[in-house]
Each structure stands twice: as structure tokens, then as C-alpha cells.
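What follows is the residue order along each chain.
Protein chains: 4
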Amino acid sequence: MIIIVNAVSGAEKERKFSDLVHWIESQGLKTHISRGDFTTIIGVVGDTMKLDPDQIRSFDIVRDVKRVSEPFKEANRKFHPKDSVIEIAGGKVKVGHGNFAMIAGPCSVETEEQIIGIAKSVKAAGANMLRGGAFKPRTSPYSFQGLGAEGIKLLLEAKKETGLPLVTEIMDIKYLPLFEEVDVIQVGARNMQNFELLKELGRTNKPILLKRGLANTITELLMSAEYIMSGGNENIILCERGIRTFETATRNTLDLSAVPVVHELSHLPIIVDPSHSTGTAKYVKPMSLAAAACGADGLIIEVHNDPPHALCDGAQSLRPEEFADVARSVQIMRAAAQEVNAGAETPLA
Amino acid sequence: MIIIVNAVSGAEKERKFSDLVHWIESQGLKTHISRGDFTTIIGVVGDTMKLDPDQIRSFDIVRDVKRVSEPFKEANRKFHPKDSVIEIAGGKVKVGHGNFAMIAGPCSVETEEQIIGIAKSVKAAGANMLRGGAFKPRTSPYSFQGLGAEGIKLLLEAKKETGLPLVTEIMDIKYLPLFEEVDVIQVGARNMQNFELLKELGRTNKPILLKRGLANTITELLMSAEYIMSGGNENIILCERGIRTFETATRNTLDLSAVPVVHELSHLPIIVDPSHSTGTAKYVKPMSLAAAACGADGLIIEVHNDPPHALCDGAQSLRPEEFADVARSVQIMRAAAQEVNAGAETPLA
Amino acid sequence: MIIIVNAVSGAEKERKFSDLVHWIESQGLKTHISRGDFTTIIGVVGDTMKLDPDQIRSFDIVRDVKRVSEPFKEANRKFHPKDSVIEIAGGKVKVGHGNFAMIAGPCSVETEEQIIGIAKSVKAAGANMLRGGAFKPRTSPYSFQGLGAEGIKLLLEAKKETGLPLVTEIMDIKYLPLFEEVDVIQVGARNMQNFELLKELGRTNKPILLKRGLANTITELLMSAEYIMSGGNENIILCERGIRTFETATRNTLDLSAVPVVHELSHLPIIVDPSHSTGTAKYVKPMSLAAAACGADGLIIEVHNDPPHALCDGAQSLRPEEFADVARSVQIMRAAAQEVNAGAETPLA
Amino acid sequence: MIIIVNAVSGAEKERKFSDLVHWIESQGLKTHISRGDFTTIIGVVGDTMKLDPDQIRSFDIVRDVKRVSEPFKEANRKFHPKDSVIEIAGGKVKVGHGNFAMIAGPCSVETEEQIIGIAKSVKAAGANMLRGGAFKPRTSPYSFQGLGAEGIKLLLEAKKETGLPLVTEIMDIKYLPLFEEVDVIQVGARNMQNFELLKELGRTNKPILLKRGLANTITELLMSAEYIMSGGNENIILCERGIRTFETATRNTLDLSAVPVVHELSHLPIIVDPSHSTGTAKYVKPMSLAAAACGADGLIIEVHNDPPHALCDGAQSLRPEEFADVARSVQIMRAAAQEVNAGAETPLA
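Chains as they are written, first to last, in numbering that gives the first Met the number 0: chain E, 0 to 348; chain P, 0 to 348; chain H, 0 to 348; chain R, 0 to 348.
It is possible that some hints are incorrect.
Identical copies look the same in the list; a pair holds intra-copy or inter-copy alike.
[Said to hold, decoys possible] Keeping only pairs whose Cα atoms sit at most 25 Å apart, straight-line, the calculated DSS-like set for lysine-lysine is:
#1 Lys-152 with Lys-72
#2 Lys-205 with Lys-173
#3 Lys-77 with Lys-65
#4 Lys-65 with Lys-29
#5 Lys-65 with Lys-49
#6 Lys-159 with Lys-15
#7 Lys-119 with Lys-49
#8 Lys-12 with Lys-281
#9 Lys-49 with Lys-122
#10 Lys-173 with Lys-198
#11 Lys-15 with Lys-81
#12 Lys-281 with Lys-65
#13 Lys-81 with Lys-159
#14 Lys-152 with Lys-91
#15 Lys-198 with Lys-12
#16 Lys-93 with Lys-29
#17 Lys-91 with Lys-65
#18 Lys-49 with Lys-72
#19 Lys-77 with Lys-15
#20 Lys-122 with Lys-152
#21 Lys-12 with Lys-77
#22 Lys-152 with Lys-119
#23 Lys-77 with Lys-198
Rather than coming from a laboratory, the hints here were simulated on the basis of the structure.
Turn these sequences into a full structure, and let the hints steer you where they fit.
Have a look at this one:
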């Protein structure tokens, strides 16, 4: 960490400066000081992760503070250079380091017939995991809130029928017991910084699908992963699902550059959600292909047998036959990406 | 609600169109249809709050959907034209309709001495409520997370000493029993769409301070208030605390226009947080004055007796004597705002 | 266009309502009125492109206005269903409808040796056009501003040597005479809404590369194209180059969804600039592959023989051998995209 | 400037490191090097304004670069601690250091009767300058583009009648001769980074009203001022007019914090445009009061005698009597701000 201090001169300033240096050293850190005419720079060496830049800025002689190293450790590729591979359902499905997650299913579980029907058709089309919402975060209290515990039960039926591992969202710690047989617990975008929930999930050993918040930076996404990992659970799959910008042609703006950025900074796999980010069924295919091309470790796609009568998010749902086309096309694209990687010195992911 | 449909012609399209109309009417709503050459418009009349525009967009003949009325009811000024006044601590402090909340205190409670000292000095300077964090949402798991239950205890000591009602943040439902003697429960920006928490708070009768999320629109803020109100708790104070934009000179961008917008759309009071929005102590005074001038119903300001050694957010904390200057200045500005309102046909708030 | 009016009742309101209707009809448009209990809706039929929604909103009985059709005509796919193909240098290079632009070269022209050297190497690697800046828009007046007229001369030398058509940026109308032998005139992001410049370019018949502004929506990009097209010049290639958001891991946020959105709304080709959007050389390859995969009509990539000593934007420049790897990889990806399209009912672009 | 370099070891790295140091020193700058275990830091001392951080980032051993001093000189308060006062029309009106600009008038000049009528009424209400657009930047080529030269003539008529100095927008250098008798030349938000225009205006001695671009940071606004000032023209008034964010309740998001930030970084005055930023007449008054309260040096407000029939931006225009109310209220608020400043150690502006 580098601390930029206004030029120090005069007894009062010298006292404040030495106060600051002592305070830093009292945290068990070392300082290197280089004095210039207009500014003095303090280099701080040691485990600076616990230092809060905001706190240092409140010393009135400090002009600015800059972190030199990332504020995360467990999620950091520097300390874990090899790609993590997340094993799901006892290794039945793997994600990361060339293992691709193809997760599909409806926004909400509605009926047994619906979820089993969709599960069968996405499996036939090439999905290797089933998604479906039992607890639904909705902007309006008057919108359908999901079937809750009953929805989880129906998802488990669909798992039994098809063998597909399940991905479903948790909205509060108190529901954790219901997720015993769920294979991957999803933390939605709105809960990415629900730190109490993250801490609790850090005490489980379930794979976690952690979605990026609408206003969160990639660093903050990795810090939220760090909350879970520092609790002991390293089974994390990150998910880019669009950020909020001024553009209204798509519901959110899919930030695909997050894929190579995460691959550089972290060893964790990252998948892409083209359904929630674009909000429109017709853009799901091109963005799925783009995600596969830039090295994403998987996709999570909404599929419904009857989108107009879906109880939520119908506008972005593919019909099963459309999903089959996307899945087939993504295969072609991934083969091309492998050919590209084979010829490259440094493979993409 | 207005539904814009691509021009209908041909048997297939007519069938889809009549499907759509039947489906809407099956929800107990009425339709008015006006057919044009290129587009047909369906006006939907009735309680459209439960209709989800996204679901309607998934009918493939639909081009667009537009809400005509706001999607909130309890928080809506149309159905409740008079300003709400929120009563705190049995009416000791009121907020709204000309009653101004001046909430001050440290980011985090640290020690008994610290919180009682600050409480006394902010009271002397004109604060009518005390803030202080016991549970702290922090981006990093390695940062100080607050004193928790012990912090609440220290806050209650400070309340006993000074008589100031307390405002403090809840981070999870499970902590609710600890908030029994807390006067105002704060829902932080990161939890604005933690719907399970909102529903639970709707079942209490505590005043709630609901902060706007970093990426949330004003309508979404009101929808989150609606979650609490539709559960039966109408004691809500909204808070503008800055949104995320590309500008980095301030930590967030304080959206002061939210004050007149909320006053137009809703009867609920709205206060402003100049500390978290700007992130810098020296900008707190000008933005406090601006907030008072445009009709805000209060301010929530961070004050610390020793900002450089504060355990969080020191950079944005005022010293007690600086807060006293702000409080005095805000008084002058509020008197001017009252003079302006006295001479106006339509007062600001 | 649909105008939503507050319910009309009372003589005063009826008068205002009939004022509004007469005013609309006086513009040569027709109205369809449907009266409801709470709102009245006016459907406006005819050429509504000249109507300004803001003007209509200023009638105080109007609650809201919604366009039903896009506000652009010449650029609109509805009136021109087939993809446009832009012919450059007398048809030597084509862009659009399966014809891919691979534009490469340095941020700035520096010396004859530099530009000719780079031109040769990018040609060998598969580029079909040469880019290079002679006039450089720089945030600081103290930064290198480009060689100006001399730079154009050096670019023409490089064209003579290699036969590659030239793409270079114009910054003011007065320089137009210098662009006589330039093949494609680039309008940079900062000039996307320099309407005087757009009008003037509409009077030429040069192909124009129009870059999206940092804060501009896709609709605004198409409106700027419309400025040029309505002047008579239909040779426009659009370019997505990143928008401004809160994320700082990349310089801007590349909005790749703009590719399928533009392809849906317009017949004009759209290319992608992975260099300026990400701002970092190592992210250029993955984002180039993603662009090719989702149907972009080309790429514009910065290449420098000695990035650390480039006079601008070195951080995002590829070395020639890195560009060769990208070009080869993009070929593989485009072949895969063609295979995908061959099997699809509706091809991507 | 501080350059953060990955730890240097090995002959190859040492060579690259010494290359970098030599290159910096060859620009006439001095370096201070401090080597750590994981990173090495180069402090660069001297006139670093010409150094481009992006260029330094392209050295592959460089991890990051941080400016320690602002990249502007002429606009910098550090080198010019006293507030600038801009004199208009030979000192008839002054702006800055307690002198308040109250600029009012229509979006567009339409007829002689209209502009003279509005000019008289805004003068009577307390305006000290007249605004009015002759050249109008419009998103659509089909919208009214302003009266051009004829509009300037009508504005000069209104100036003759009322004595109010004129503020009007320039859209291209070629129109400069028409602005001879215009008192303040406005550079609109879309032209804030039209650097050719800025350079040319730097060669005049006219007061310039420079509006912040929709996607531009405060630092970039000051850099654009620097373009004009480094050309020799120091008569610049800055203007905050809203930035683009995801919020749609107002047309743009007025960033009022820009007022104290600019006052800290620069000696130039800054005024606020509540009309374009909010886009809605009813929000103009509260935001005008807020601007006056936080120390803005003036306001620019749209006023039209007949908003519904204004040829542009009617929705945000005040009627003359509404403007009179705003002007009176702003006076009250400014008196309160002066009372606040009188009692403060450090006045706001």
C-alpha cells in the first residue's frame, strides 16, 4: 500500500507524520519513507489487507492512498495459480479449467409437470444442470414470489427423474435446511453483499453460484467470494449477469470483459447469464456464443415450455427447441475456442 | 397499462391476439382496444399492479408495454395526499411535514466512552437522534465487522445518558430480538432489496430508515417501502445516500433531485446522508445545506471525536465542533426555506 | 406515438385537451382518442418523427408520451430489410452481410518508418484496412496532439506501399480537404454528436466509420447515422467501443450486446473496437473472439511495433506478432460462426 | 507521479527496469526508486503533466501508475489560490467570488416578439443575463435546428432593448464571426471535448460558458477549461448540467457535489443548470435553491412565455411568473448562505 502525504515540514506536521507512521507500524506493518519537495510517500509492506484506505485518508496530512496488491487472498490467482475445478454432485459435473457448465431451466418452478417436462427437454438438448427458482426476489410485493419449500420439493422430483444436478437460489439463511439436497446454492445479484448470508454459506461445503450485483465491481465480486472462502468453503462459481448503465435497449449491460478479467485475477471459474443481462430471448443466442468464445466456464439460460404463460421473466425465456439450437451452437463455438487455444502460447482461460 | 401490439391481421395473428386479450381479462382486468394500420393498442383498466410487464412482453405479437400508473399503492401520494409524519420514541421526535431529523453519531460503536462522549456532544450541537453501527456491512471480510450485540448495549447506554432516540442498522432477521429498545431500525443500501428482511420488518411496528441502494431507481426504493408497508408497518423514512456513477471525485454521486421526486410521488419523508454519498468530510457541509434548501426532511451525518482512529469510514467523519457548525448552518438554511415556502403558492415539501 | 393524458373532465380541462388535439392535427397527423376513467389515451398516426416528446410533455394535462416507432428512417431495417454492404476503395474491401473488416494500425502516426513498417506487418497478418491517427483527440492540451496534415501524408505513403485502404479520424470540418484520398473517415466517440460535422459528412460520399459516444445509447448512435444519411451519404459503418460505467477494471465497458441490437434495428454494419474499450492489450484477444462470435462485421485493433514508446495509448496496443495471433484466431471463430449460421433458421447477422 | 513496478530481479528484468528509468529521465524528469520484496516504486518528480499514464502502463514490468498532482495547471487553485472573477460586457456583470450569475431565457430563439418579451420579463424578475439558442444541438436531424444567424440577430435586438448581456451556444468554429457582439459564448455538453473548438476559443478573449459533458468527470471538465486557458483565454465559467446514470425519474442526474469539488480544485466559478439536468419544470425551483445553498456562482434557467408551444424543451421551461418566484427565492437562500459564511471559519466558495 502506498500513502501519499503532503510535503512534511514544521514541528506540527512532523508530529502528525510520525503519529501516522507509528499507527501503521502498530498494526505490525513496515514502512518505507521517501521524502520529496512537494509530497512524501510512505510504502507500507506486510499483510495490508486489514488496513482500510478510508481510515488512512482521515489523517489530515494524507492526500491519497493506493493499494498495490489486491485486497483478496483466497480468491487470488497469485497465491493459487492453477484454475480451480468445482465438483458438483460428487464429481458428476465439473466446472472450470475447460469443464463447461450448461445450466438451463425456468425462472420459477410452477408445477410438477412443468419442471419435469422442461428438465427432460433441456437434458436432451445438452444441459448438464437444471436451474429453477423456488424463492424469487421480485421488485414488487404484489408479484409472484415463488412456491418456496414446495418449489424445492418439485425440483428434487425433477432431479430424481432426470439425474440433473440442481441449481436454485437462497434468499435467507433461515431456509438453509431446505437446501440439503440442492447441489449448487445460488446467491442472487441483490444478495451479493448480504454479508451475513455469505458468512453462513462459508460454513457449508456446498458449491455456491455467486452472481455479480448490478452495481458491483469485479473486485467487489471477488471480495464477496472471499467472505465465503475465508469461512472455509472454496467451492465457488462466479457469474456475470449484467450491470446497470444508462443503456435501455437491453435490461442490463452484459459486461463480457469480466470473463478475462476474472480469469486473470482469480482461479475461480466464471459463467455468464445471457438471459437476465439482456432481458430479451432473441439476444440470448448471440451473447451465449460470445461468452463461449471469450473463455467463459459456462452459461445459465432460462428455458420455459410456454414463455407467455411463465409466472416470471417470460420475455427472456427460450423455448426448449430454441435452447437446443443454442446448446448445439455453443458446442461448435467451444470447439473453435479449443482450436484457438491449442495454437496459442497462453490459452484464454 | 398500455400494451402495444404489432398490427394484427391473418388468422394466426388474430388467434394470438385474442389469446392475449383473454389472458388479461382472466386476471379480472378490462381491456380497451384501438386498432391502427401499423399497431394496435390495448388499454388495460383495473388493478394492474399484479401484472408483470415482462410477462406480457413474452407474447410474441407484443412490441412494448407501458405502465400508466405507478406500481406502488401504500407509498403513493395519490392515495394518501397528505405528508406522513413518522413518530419516534413515542412522539418525542417527529419526521416529515416540516419536522426535521438531525441524526448524528459515529460510523461504528467502539467503546462506551466513545459513544457516550459523541452522543453528548452531538446532542449539545443540536442532533435529535443518535446513530451508530453495531453490525457493519464491510466489503472485506478482513475489515472490522462491528461489535454486534455488545455494540447495541453500548448504544442503549448512550441513549440512557442523553435521552437521544437511537438509529442503528440491522443486517439479518435473526438479530431482530436485539433491536427491541432501538428506536429506528436502519436498512442499509446493500439490503434495500433483501426482500425477506423487508417482509419481516413489515410485521413489526418500528420506524424503519430505508436507504436507497447504489444501483436502485427511486421507483425501486418506493417498491421496497411498499414491501414493508404492505406487511402493515407504515413508519418509513426514506434516505438518499448517493448512487454509483463513473465520477470518482466523490465516493458516490449524491442524487439530490431524489428529494423533490420522492416528495411528488410519495407521502413518506426523505432524509439525506451527505457523509456516505460524498465520502469526504469537507463536502458534508455544502451538501447538508443543499439538502435542507431543497426540502429534505432530515440529515444523517457521521461524527467522530477522533476520525483518524475511527475503526471505519474516518475519512467522511466530522469532528464534533465541525458538526456543531453544520447543525447551526442548517438551521439558518431551514429558516430561509421556510421563508421561501411562506411566500410560495405551492410549498416545496 | 401514444400520449397519456390525465382523465379529462370539467370545461377547463376539456378546452386544454381539445387545444392539444388541434395542435397535433395542425402538424398533419391523425389522432385516435380512447377515454378511460383515470386516463385518456391519444394515439397519433402519421409521420411522427418530427414530433418532439418533450414538447408534448409541456402541455400540463399530459402525463407521459411514448414513441411506438423508432425515430430514425434511413438507418431503419424496417424500411430497408436487407443488410447494407459498404464498399471501400472502389469495392476493394466490403463491409457488412458477411464481409468482415479487419482494421489494424497504430493509435498515432509517428514516422514514415513506423507507419510503413506496421502497415506491412498487419497486412501480412491478415488486416484488410490500415488505421492510424493524424489528428488525435486528447484529454490534456499537454499531450501529443498528432502530426496533423503531415500524418495524413505519411498514411498515404503507407497506403501506396501496401495497397491497404486507410481509416483515419477527422476532428473538424475545416480539415475535410486533407481527407480526399482517405478511404474511410472516422468520427470519434467524442464527436458522435458534433452535428455540424455529421451534416457536412452527409454531403460527401465517403464511407464513414461512426463510433458510439461514451454516454450514448444505441438509439442515439443510429440518430447520428441518420444525420449523415439524411444528407445523402449512406455509406456508414457503426462502431461499438465501450461505454462509461462505474467499473474500473477495464477503461470502458464494452457493450457487446450492441451488436445484435444494431443488427435488429438497422441494416448498417457494426464493428467492434476491443482496444479502446478495454484499454489493456491482454484483453484484446478474448474480446475480439467474442465480437466475431456474436456477429460483428469487423474489428478495429491497435497495433504498434514498440508499444512502450508509442506516443499514445501504448497500454492497449498489440505487437505485430500478437495481432497475427488474434487475426488467425478470429478466422477460426468466424468459420465456427458460419457453421452455426448454416444450421440456423435465422442467421445471426 | 508514482509508478508501481513488479519486483525486479534477473538480468532481463533489470534491463527493462533501467530502460524505463532512462526513458523517464530522458523527458527531463527525476526519479526516486524504492525497492521492496514484491514491488518496486518509482517516484517521478518534475513537470509530469506531459507524461501519459497509459504510455507508461505499456511497459510490461509496470503494474500501475498513479498521478500525485492534478494534470491541470492554469485552472488549478494551487497555483492561483484566489477565486477568479469573470467580467462580462465590460464589467457590467461579474461572476465568481460572491458575484452571482442569474441567466434566463428560452431554449431557442423563435421570433423577435418572443425573445424581446421573455427578455423583458426575466430582467424584471431579476435575471442579469439573457440566454437563448440560435444554433441548437438536436439528437434528431428532423427536429428544429434553431434559427442560426437570424437567431443571433434577434438576440442582439433583445440585448439592445433590455441591456442584458447575451449567452448563446456555438456549435462550430466557422460561426465564430457571428458571435462578435455576443457577451458569453456557450460550449454545450456535447462539445465539451471538441478540442478543435476549445483551442480556437482559447485564441479569443470572450468569456466562455463551458458545460460539463454527460459522461465526463470533473477532472475532464477542468482539462477542457485548461485547453482554452492554455491558449490564453482565462475567462471561463464552468457549468454543471447533469450526468448520465441509470435513473430515469429525471432526464439526467444533477451532480451538485461538483460545486464544492470544483471550488476546491479550481479558482474558476461554477454555475448550475437545473433545467436541462432535471428536464422537468417542477424540479427547477428546489434544485435552484439547493445550488444556491451549496455555493454555486450562478444559475442558468430556461424560461418561455408559452412552454407547450416552445419549439424545443418545453417540458423543462418555466413561465415568466414561475421564474420570478424562483429568482426571489434564490435571493432569500443566498442571503442565508452569506449568513452561514459570515459565521464560518472557511466560507463555502
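Checklist line | Enumerated hints in conflict with the structure, sorted upward | finding: Violated: hints 1, 6, 7, 9, 11, 13, 15, 16, 17.
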